Amino acid sequence: MPIKTPMTRPHTEHPVVIVGAGPVGLTLASFLARFEVPTVLLEAGARHRRIGSRAIFVQRDVLEILERIGCGRALADGALSIERGHTYFQERLLYTTEFPRDENDVFPPFVSVPQTRTEEVLLDQLQRQGRVDIRWGHEVQPGLIEDEQCVTLTVAGPSGVKALCASYVVGCDGAGSVIRKSMGVGYEGQSHGDKFLIVDLELHGELMSLERHFHFDPSFNPGRQVLLIPQPGGVWRIDFQVPFETELASERTSGKLDERIQKVLGDQRYEIRWVSLYQFHQLVAQKFQRGRVFIAGDAAHLMSPFGARGMNSGIADAENLAWKLWRVLSGQANAALLGTYEQERRAAALENIRITTHTMRFMVPPTSEERAARDQILRRSIESPEARALVDSGKLYTPFTYEDSPIILSAGTNAAVTPRAGAMGPDAPCRVHGNDSVTRLRALVGDGFVGLYLARDAEDARFWVRTARQEVEGKAIRLAVVVASDADAMELEGCAVIDTTGRIRAAFGPLGTLSILRPDGHIAAVWSEAKPEHLCSLADFASGADIDSL
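Residue numbers (numbering that gives the first Met the number 0): 0 to 549.
Heads up, some of the hints might be wrong.
[Unchecked claim] Okay, the calculated beta carbon distance ranges per label pair:
1) G69 - E350: 25 to 33 Å
2) D435 - E97: 32 to 40 Å
3) P221 - S329: 28 to 36 Å
4) E244 - D123: 37 to 45 Å
5) R465 - E385: 52 to 60 Å
6) I50 - K262: 48 to 56 Å
[To be verified] Subject to a maximum C-alpha distance of 25 Å in a straight line, what follows is the list of computed DMTMM-like cross-link-like pairs (lysine to aspartate or glutamate):
7) K286 - E402
8) K394 - E145
9) K161 - E187
10) K474 - E382
11) K255 - E205
12) K394 - E368
13) K286 - D545
14) K255 - D238
15) K286 - E270
By construction, these hints were calculated from the structure, which means they are not laboratory data.
Since we're looking at a predicted model, the values are computed, not measured.
The beta carbon of each residue, even a glycine, is placed where N, CA and C say it ideally should be.
Turn these sequences into a full structure, and let the hints steer you where they fit.
Structure (structure tokens):
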């Protein structure tokens with residue numbers, strides 16, 4: 000393994016060094032800043048010169064993640080809301096998918112926004128927060144040196160080559176990750192035969208409804224697929240499936256690129272803003288952690304974009320690792336907690352790969368037999384709802400449920416308790432007694448653990464507050480007792496959450512249930528017929544107290 004034991008250690012030490020200032024690295028740095036963990040962020044390139052839409056869809060729960068660091072709303076307000084998608088075979092609309100939305104949702108199901116804008120919003124927020132030393136034009140050299148307390152990197156920057164030492168290093172440096180290679184970790188998986196030609200176009204006029212449009216075997220790309228996605232400001236992205244031998248330079252010089260575009264747009268005037276050629280991969284790193292070194296985002300997993308699972312899952316990687324690093328570095332948890340990052344997020348990556356592999360096998364069948372079966376499904380789907388249900392044009396991202404994590408507990412539950420432990424906790428309107436700024440449940444999440452108890456009545460609520468108050472004092476957990484009305488909230492000393500619509504009690508199970516919400520919003524533990532003494536022990540379990548120390 001390339002990680003070696005040093006002869007000497009440099010004098011400069013940092014709690015965390017992040018390599019790569021894309022969306023995942025910026026998100027991780029911003030969360031650590033929120034947790035007051037000093038961080039160095041290294042980026043090999045000059046300050047954000049990347050262009051193009053790239054990762055374009057941001058899912059509602061990921062916007063919630065970004066709002067916890069203060070920029071979800073800013074990103075959504077400058078984006079285009081996407082609430083439905085259309086799937087076509089040849090020239091016929093097969094079906095329209097309505098993405099779920101509730102009147103109480105803070106964000107739309109998805110927003111369309113170019114990755115360049117996502118990075119700008121994240122960077123602006125990070126600079127407002129402070130606590131992060133951002134170093135542009137600093138390239139990490141291959142090879143890492145690790146001992147029991149420190150990882151040493153060799154970094155080439157404007158002032159020369161220097162050693163940098165950190166308690167922990169996180170590689171968010173993309174598919175060609177220097178950090179992953181220095182860990183001695185490879186990818187597992189496969190690559191797809193055809194390529195996709197991706198074009199961002201500024202249009203002078205309207206094209207179609209501002210929604211997702213996916214075409215199987217259209218007249219403007221016969222035998223293959225085309226995806227059209229609107230962006231803010233009259234810009235559209237078109238993804239053409241093209242043969243493997245396609246080359247970008249010849250597409251431009253031969254005029255084929257404009258021919259492809261004109262077949263879709265007709266006489267519509269356009270300007271090309273960005274064009275790229277991709278071969279899509281379905282790959283997961285063998286390890287997400289080795290000692291004090293971690294990888295996240297594309298450095299850890301690569302997948303097709305048809306499902307918007309790449310950047311969205313990478314941002315979830317960042318939040319998952321951030322709160323665990325914070326707990327360990329602040330002395331609130333032992334280092335064994337960090338091992339659950341790989342256990343949870345690699346499982347999430349494998350699930351995303353399973354889903355996107357199914358999509359790609361349908362979109363780009365690898366054998367003639369599978370292509371014939373796919374084409375038969377598409378032909379039958381014109382008239383058959385049953386066949387239509389088999390058409391896969393991309394199942395869009397949803398948060399992963401950590402069912403097999405060693406820090407997730409569902410003991411003491413019964414079938415009536417929902418949602419299950421490991422899932423993302425649902426949101427619902429509420430009021431917090433004495434704090435008018437909180438109007439929904441997820442606003443309570445982020446700074447530590449929350450013990451959400453569904454009180455049976457006002458007397459039960461007061462009993463919990465009296466008994467648990469000393470239990471939680473000085474610990475990174477707060478008690479939130481759910482009651483039905485302001486009258487029930489009296490004498491609860493700021494612990495009352497008033498369930499204004501009844502949706503919290505409906506979502507989190509029968510009265511008397513205790514749910515532990517993690518800093519990332521996932522449900523760490525669910526306990527029916529709970530008692531106050533369960534509160535801190537469950538939070539300790541969710542922080543890895545029962546995991547053997549590394």
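Now the hints, each set against the structure:
1. Checked against the hint of 25 to 33 Å, the pair G69 and E350 passes, with Cβ atoms roughly 29 Å apart.
2. For the pair D435 and E97, the beta carbons lie near 34 Å from each other, so the given range of 32 to 40 Å is met.
3. The hint said 28 to 36 Å for the Cβ distance between P221 and S329, and at roughly 59 Å that hint is violated.
4. Against the hinted window of 37 to 45 Å, the Cβ-Cβ separation of E244 and D123 comes to about 42 Å, which satisfies the hint.
5. Distance hint check: the CB atoms of R465 and E385 are about 58 Å apart, consistent with the given range 52 to 60 Å.
6. Hint check: I50 to K262, Cβ distance near 25 Å, so the stated range 48 to 56 Å is violated.
7. Among the hinted pairs, K286 with E402 is consistent with the structure: their alpha-carbon atoms are about 19 Å apart, no more than 25 Å.
8. Proposed proximity of K394 and E145 is contradicted: the alpha carbons are some 41 Å apart, above 25 Å.
9. The hinted pair formed by K161 and E187 fails the criterion: a straight-line CA distance of about 33 Å is larger than 25 Å.
10. Among the hinted pairs, K474 with E382 is inconsistent with the structure: their alpha-carbon atoms are about 60 Å apart, more than 25 Å.
11. For the suggested pair K255 and E205, the alpha carbons sit about 23 Å apart, so the restraint of at most 25 Å is met.
12. Between K394 and E368, the direct Cα distance comes to roughly 23 Å. Compliance with the 25 Å bound is thereby established for this hinted pair.
13. In summary, the hint linking K286 to D545 is supported, as the alpha carbons are separated by about 23 Å, within the 25 Å threshold.
14. Proposed proximity of K255 and D238 is supported: the alpha carbons are some 15 Å apart, at most 25 Å.
15. For the suggested pair K286 and E270, the alpha carbons sit about 43 Å apart, so the restraint of at most 25 Å is broken.
This entry does not satisfy hints 3, 6, 8, 9, 10 and 15, going by the numbered hints stated previously.
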